[in-house]
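**Q** Quick mapping for you: the protein sequence lines, in order, are chains X and B.
Residue 143 in the working numbering sits at position 143 of the first sequence, and the numbers go up by one each step.
Residue 8 in the working numbering sits at position 8 of the second sequence, and the numbers go up by one each step.
In short, the hints are calculated from the structure, not lab data.
A portion of the hints provided could be inaccurate.
[What the hints assert, rightly or not] Not everything, but these chain B residues come out facing chain X in the computed CB check (under 8 Å):
id, residue
1, Ser19
2, Gly255
3, Asp256
4, Met266
[To be verified] Okay, derived cross-link-like pairs now, DMTMM-like style, lysine to aspartate or glutamate, Cα gap no bigger than 25 Å in a straight line:
id, chain 1, residue 1, chain 2, residue 2
5, B, Lys400, B, Asp368
6, B, Lys55, X, Asp77
7, B, Lys46, X, Asp77
Glycine is no exception: its CB is placed at the ideal position from the N, C-alpha and C atoms.
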Amino acid sequence: MLSRVAERVYWQARYLERIENTARLLDVFSTLLMDLPKGTKLGWHSLVHITGTHEIFDATGRQPIERNVMKFLLSEDNGISIINMLAAARENARTTREIMPTEAFEQINELYFYAKENLAQGVSRGPRHQLFEKIITSCQQLTGLMAGTMSHNDAYSFVRLGRDLERADMTTRIVDVGSSNLLVSSQSSIQADEPLTNILWMNILRSMSAYQMYRQHVKDRVNAEDVVIFLLQNDEFPRSLAHCISQLSSVVDELPNHSKSLAQIAKTYRAIKHANIEKLLGDGLFQFIDDLQIEIGAIHKAIADSWFLQK
Amino acid sequence: MRINWKTYDPGKFYDEIISAQGAPRPPARQLANYLKSLTHAELTEKKLAAELAIKTMGISFTVYSDAGNIDREWPFDIIPRVIAAKEWEYTSKGLQQRLRALNCFINDIYNDQKVFKDKIIPKELILNSTNFRKQCLGIKPRYGVWAHVCGTDLIRDSDGLFYVLEDNLRVPSGVSYMLENRRVTKRVFPELFENYNISPVQNYPDQLFDTLAAISPRTSEYPEVVVLTPGIYNSAYFEHSFLAQRMGAELVEGGDLVVEKDKVFMRTIDGLAQVDVIYRRIDDLFLDPTVFNKDSILGVPGLFKSWVKGNVALANAPGAGVADDKVIYTYVPKLVKYYLGEDPILPNVTSFMCTDKTECQHVLQNLDKLVVKPANESGGYGMLMGPQSTKKEREEFARKIKADPRNYMAQPLISLSTVPILGDRGVEPRHVDLRPFVLQADKSYVTAGGLTRVAMVKGSYIVNSSQGGGSKDTWIVGYE
Numbered sequence: 001m002l003s004r005v006a007e008r009v010y011w012q013a014r015y016l017e018r019i020e021n022t023a024r025l026l027d028v029f030s031t032l033l034m035d036l037p038k039g040t041k042l043g044w045h046s047l048v049h050i051t052g053t054h055e056i057f058d059a060t061g062r063q064p065i066e067r068n069v070m071k072f073l074l075s076e077d078n079g080i081s082i083i084n085m086l087a088a089a090r091e092n093a094r095t096t097r098e099i100m101p102t103e104a105f106e107q108i109n110e111l112y113f114y115a116k117e118n119l120a121q122g123v124s125r126g127p128r129h130q131l132f133e134k135i136i137t138s139c140q141q142l143t144g145l146m147a148g149t150m151s152h153n154d155a156y157s158f159v160r161l162g163r164d165l166e167r168a169d170m171t172t173r174i175v176d177v178g179s180s181n182l183l184v185s186s187q188s189s190i191q192a193d194e195p196l197t198n199i200l201w202m203n204i205l206r207s208m209s210a211y212q213m214y215r216q217h218v219k220d221r222v223n224a225e226d227v228v229i230f231l232l233q234n235d236e237f238p239r240s241l242a243h244c245i246s247q248l249s250s251v252v253d254e255l256p257n258h259s260k261s262l263a264q265i266a267k268t269y270r271a272i273k274h275a276n277i278e279k280l281l282g283d284g285l286f287q288f289i290d291d292l293q294i295e296i297g298a299i300h301k302a303i304a305d306s307w308f309l310q311k
Numbered sequence: 001m002r003i004n005w006k007t008y009d010p011g012k013f014y015d016e017i018i019s020a021q022g023a024p025r026p027p028a029r030q031l032a033n034y035l036k037s038l039t040h041a042e043l044t045e046k047k048l049a050a051e052l053a054i055k056t057m058g059i060s061f062t063v064y065s066d067a068g069n070i071d072r073e074w075p076f077d078i079i080p081r082v083i084a085a086k087e088w089e090y091t092s093k094g095l096q097q098r099l100r101a102l103n104c105f106i107n108d109i110y111n112d113q114k115v116f117k118d119k120i121i122p123k124e125l126i127l128n129s130t131n132f133r134k135q136c137l138g139i140k141p142r143y144g145v146w147a148h149v150c151g152t153d154l155i156r157d158s159d160g161l162f163y164v165l166e167d168n169l170r171v172p173s174g175v176s177y178m179l180e181n182r183r184v185t186k187r188v189f190p191e192l193f194e195n196y197n198i199s200p201v202q203n204y205p206d207q208l209f210d211t212l213a214a215i216s217p218r219t220s221e222y223p224e225v226v227v228l229t230p231g232i233y234n235s236a237y238f239e240h241s242f243l244a245q246r247m248g249a250e251l252v253e254g255g256d257l258v259v260e261k262d263k264v265f266m267r268t269i270d271g272l273a274q275v276d277v278i279y280r281r282i283d284d285l286f287l288d289p290t291v292f293n294k295d296s297i298l299g300v301p302g303l304f305k306s307w308v309k310g311n312v313a314l315a316n317a318p319g320a321g322v323a324d325d326k327v328i329y330t331y332v333p334k335l336v337k338y339y340l341g342e343d344p345i346l347p348n349v350t351s352f353m354c355t356d357k358t359e360c361q362h363v364l365q366n367l368d369k370l371v372v373k374p375a376n377e378s379g380g381y382g383m384l385m386g387p388q389s390t391k392k393e394r395e396e397f398a399r400k401i402k403a404d405p406r407n408y409m410a411q412p413l414i415s416l417s418t419v420p421i422l423g424d425r426g427v428e429p430r431h432v433d434l435r436p437f438v439l440q441a442d443k444s445y446v447t448a449g450g451l452t453r454v455a456m457v458k459g460s461y462i463v464n465s466s467q468g469g470g471s472k473d474t475w476i477v478g479y480e
């Protein structure tokens with residue numbers, strides 16, 4: 001397989017996964033709004049923080065209110081909105097048509113046209129959920145389509161690498177939502193009270209379609225520590241960080257020239273599994289999340305060094 | 001409202017579907033009757049369905065413009081063009097004959113040059129051709145074949161006969177659209193395929209692969225065949241990727257290839273892998289910066305030498321374009337006779353050479369009636385359409401011709417045949433041409449039909465998609 005094509009396939013998978021997860025993230029924010037008592041406000045600015053786009057947003061000089069943030073992340077031409085990511089995924093799919101199943105390209109293409117027409121509606125709350133649902137379902141369909149119609153060859157390995165690494169990244173970001181100062185009570189206290197925090201964590205689980213699996217696994221009511229352990233360290237849930245990273249390792253194992261990537265992945269996996277979540281929650285999770293993101297960046301670099309065209 | 005073929009009037013032109021006053025030609029009878037059975041609303045619905053299919057299937061082409069490159073949906077008219085199988089059989093033979101002769105000619109030019117010694121064609125004409133590559137002298141590609149893939153442009157004049165308008169021997173494109181047009185038509189008119197005996201077209205990628213595999217220097221069972229593209233910004237990128245996909249070949253850009261010890265390798269995730277055959281879709285001059293255009297960033301340094309040494313095959317071979325010069329074109333019927341000892345099956349369109357004094361005089365005096373073409377442009381650029389030209393344009397062309405007669409030839413305005421298209425108010429005749437694709441290596445193949453291009457503007461002859469032309473599915477139909 002050509003190095004250049006491997007890179008494009010990898011990025012296409014990353015974009016698609018990021019699109020799906022951004023839709024999930026925006027959806028959870030919107031649902032959360034409905035669960036919150038009057039007088040509690042969501043900090044919309046943290047949304048641009050979580051997606052790592054605050055610098056670009058702040059440069060626009062606009063107020064971080066719901067409408068502006070939504071517009072920014074959905075349909076604006078800023079390189080990072082869902083519509084831009086879809087355009088990038090489509091471009092990558094267009095330029096790897098010779099190896100991807102035809103139906104996969106057609107579906108990405110269709111989703112792009114749908115999004116182009118409908119994304120702007122997501123700014124208002126009414127049609128928002130339906131829009132996100134469509135995006136998430138289409139991405140899931142694509143994952144299934146590739147798993148079911150594409151030979152599980154090198155090209156598919158790069159699809160999986162891109163998808164799992166991006167998923168790992170987004171999981172850390174979504175977990176970050178729970179630990180950040182998302183809920184700002186307009187009344188006296190600065191700290192949100194406990195029931196509210198639990199509502200927040202429950203919504204975070206829902207955003208990753210993880211609520212049901214969490215309940216089966218934990219058998220206790222939703223609480224911060226168990227949720228974070230589940231989302232970061234569980235080996236069985238497909239969107240948990242540990243699971244994503246161990247998947248990477250089994251994919252990389254099949255590829256030639258893999259020792260560097262394999263070593264980095266093993267190092268990251270150990271860092272996740274050995275973390276003492278209880279203690280980290282007490283100190284503030286953000287430092288740990290930052291470290292994890294550096295690890296994920298290092299995995300990407302190892303992959304690029306081993307298989308992509310060297311510029 | 002339904003179609004009334006009686007009011008359909010192609011005028012003095014040969015119409016491919018309707019002969020006199022509303023009577024469908026025999027191979028098109030079923031089609032004409034079927035179309036008549038549908039209301040205008042139903043037809044319009046089918047037209048929209050086709051447009052949607054093209055959009056979601058991502059069938060596109062790139063238009064270069066000042067505002068950057070735009071990826072446009074492929075223009076397609078749903079009414080197919082129908083050609084009788086018998087006629088096509090005969091035409092195919094003519095196309096194969098022509099390509100055989102052209103390959104003999106190219107091989108001769110770069111080797112024995114008998115054609116000059118026998119005074120069939122003046123030597124200067126070839127040596128002055130911008131597509132002559134002196135670097136190719138003395139090279140003998142396998143089977144003596146230089147042009148493995150040829151796109152021949154045919155037109156049907158008002159006498160109802162096919163004439164050859166152009167041979168495209170460099171990097172002819174359009175075959176992917178021929179295949180996709182059929183896929184769209186199947187979606188739009190599935191009913192018609194039940195009773196009609198329509199020749200399938202989809203085996204072209206296999207034939208192309210076999211042709212390419214046949215010229216592999218290594219005799220391995222699975223030669224490594226790649227498609228070399230200039231990249232995603234090229235107007236034919238869709239086709240490059242389409243053909244690579246259908247052949248199961250890698251689609252490579254110059255940067256993916258590297259030459260070591262006169263062998264060509266591609267950079268893969270396993271390291272370097274040797275390449276046997278390159279179906280190159282970039283122009284000669286950009287192939288190898290060490291031999292041709294030094295500024296080319298599309299090409300691969302050392303590629304030419306690997307080809308000369310026989311370590312990699314190139315299709316089409318560098319230098320093959322020498323025979324698709326529009327001035328050389330005028331000699332092709334003579335070349336068929338000279339190399340094959342056969343009478344040409346397909347006639348040329350009458351042409352005047354500006355290098356010949358009397359003919360040049362004729363051209364200059366009749367600029368308002370003739371079509372003047374530069375020797376080496378494609379896509380319909382740089383032409384003078386005499387009857388539609390202004391005085392100023394004619395004066396400009398007269399100057400150009402006098403300054404460089406070698407670079408121009410002229411043809412009378414031929415009457416392109418018509419086929420109905422579905423317009424806003426029903427069916428209307430529009431002019432078409434036809435580009436079949438011919439393959440040659442150890443065997444030779446011709447597509448069943450080809451790409452029909454149609455001028456969407458009333459009365460226009462401009463069929464090029466880069467200039468607003470459309471396309472049609474082409475049916476080769478057997479009938480009793």
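**Q** It remains to establish, for every hint, whether it holds in the given structure.
**A** Going through the hints against the structure:
no., hint, verdict
1, Ser19, "violated (40 Å)"
2, Gly255, "holds (7 Å)"
3, Asp256, "holds (5 Å)"
4, Met266, "holds (6 Å)"
5, Lys400(B) to Asp368(B), "holds (15 Å)"
6, Lys55(B) to Asp77(X), "holds (22 Å)"
7, Lys46(B) to Asp77(X), "violated (35 Å)"
Against the hints set out earlier in the document, violations occur for numbers 1 and 7.
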